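Asker: The sequence shown begins at 1 in this note's numbering and counts up by one.
Where hints are given, some of them may not hold.
[Claimed, not checked] Computed Cβ-Cβ distance ranges for the label pairs, DEER-style:
1) Val9 with Asp80: 51 to 59 Å
2) Glu313 with Glu70: 28 to 36 Å
3) Asp210 with Gln293: 23 to 31 Å
4) Ser148 with Glu295: 41 to 49 Å
It should be emphasised that the hints constitute simulated quantities derived from the structure, not laboratory data.
None of the values given here were measured: they were computed from a predicted structure.
Idealized CB from N, CA, C, for every residue including glycine.
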Amino acid sequence: MPSLRFVPVGEGVEAQWQPLNMPDAGIRFLRGGNAVLPLNSFGDVLREFVEAVVARLDDEGLTATSLHDEWFAIQAVDADERQFCLAAARLGVDPFSADAGVQAAIIDAAKKIRPELLEDFMSLATVERLDRESAAMATATESISADSDTTDALAGVRERAPTLSPSTSANPWEAGYEYAEKLRARLNGGPWKSRSLDELAGHLNLDQLDHCILPNTDACQFLDALTGVNQRKNPKFIIEKRRPDSRQFAFCRALFEHLTQPLGVFAAVSGLRTNRQKMNRAFAAEFLAPHKQLEKDLSGSMIGEDEVAELSEAYGVSGFAIQHQIENHHLAHVVQG
1 MPSLRFVPVG EGVEAQWQPL NMPDAGIRFL RGGNAVLPLN SFGDVLREFV
51 EAVVARLDDE GLTATSLHDE WFAIQAVDAD ERQFCLAAAR LGVDPFSADA
101 GVQAAIIDAA KKIRPELLED FMSLATVERL DRESAAMATA TESISADSDT
151 TDALAGVRER APTLSPSTSA NPWEAGYEYA EKLRARLNGG PWKSRSLDEL
201 AGHLNLDQLD HCILPNTDAC QFLDALTGVN QRKNPKFIIE KRRPDSRQFA
251 FCRALFEHLT QPLGVFAAVS GLRTNRQKMN RAFAAEFLAP HKQLEKDLSG
301 SMIGEDEVAE LSEAYGVSGF AIQHQIENHH LAHVVQG
């Protein structure tokens with residue numbers, strides 16, 4: 001076998017392999033590489049591989065190996081145990097060798113965290129800080145659900161928001177781009193640029209946007225933002241970013257979740273590479289820096305990093321977001337250095 005590593009990436013698994021020299025076996029793996037595999041397909045192939053090895057061992061009369069024991073144990077888990085195994089795996093822990101303290105922390109976290117947030121949370125949390133991070137996440141969601149503010153600052157936005165249509169593209173970010181273009185046209189189709197939440201509220205005529213924003217926690221730094229509804233079913237947002245442009249971008253990502261999920265569903269915005277996170281990142285980039293408008297501001301078909309920085313300042317998004325907009329929409333070539 002080559003030097004092979006499997007890394008969860010949203011709804012898929014990334015296989016990463018490295019060059020490896022095995023002189024005793026007379027084998028050399030010459031090149032490294034990577035490929036993203038659909039999670040279900042990966043699981044099916046892995047299952048078939050293990051079963052083939054077990055069958056081969058049986059044929060050779062080796063019927064009581066550690067592989068047999070571990071494979072039978074995996075197949076024997078019930079529904080609750082399976083959920084525990086999935087949570088542990090997302091945390092990067094072998095569920096069958098986790099010590100009692102880690103097991104208890106995982107079970108406790110599963111009780112504290114809202115079901116729709118648990119999968120992302122376990123992918124973001126760390127074993128060493130699991131108790132602290134799960135408590136922080138639970139406190140943040142409770143601060144939203146316990147809020148009693150009667151103002152629904154986004155009612156008008158929801159009324160004009162389009163329905164999220166399944167993208168014909170295999171790329172989830174295409175759906176985010178399309179939704180941003182439609183929503184921006186319905187709310188304010190002019191060539192506006194915003195560098196903060198206050199400016200954004202002005203462009204979208206949201207006089208009471210501040211009612212949506214709750215104080216950040218400083219304890220959920222594994223998140224960019226969290227959104228849900230309060231006691232009155234009014235939308236609330238906790239934004240963990242501090243810079244005005246970063247807060248605006250995180251809010252827009254969370255706004256996408258609020259507008260495209262059923263009312264009442266909580267959603268976390270983070271650095272994960274799930275399809276939802278790819279969609280909301282693309283939405284925020286296109287909503288704040290529309291590629292058609294950005295194209296008009298470019299000096300030519302080749303631009304430098306200084307121009308990217310100037311555009312970043314003008315549009316109130318990071319240089320990284322500007323460069324991705326330029327490259328993903330084939331607007332120009334960015335010359336490095």
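Asker: Would you list, in rising numerical order, the hints stated earlier that this structure does not obey?
Answerer: Of the numbered hints given earlier, those the structure breaks are 1, 2, listed in rising order.
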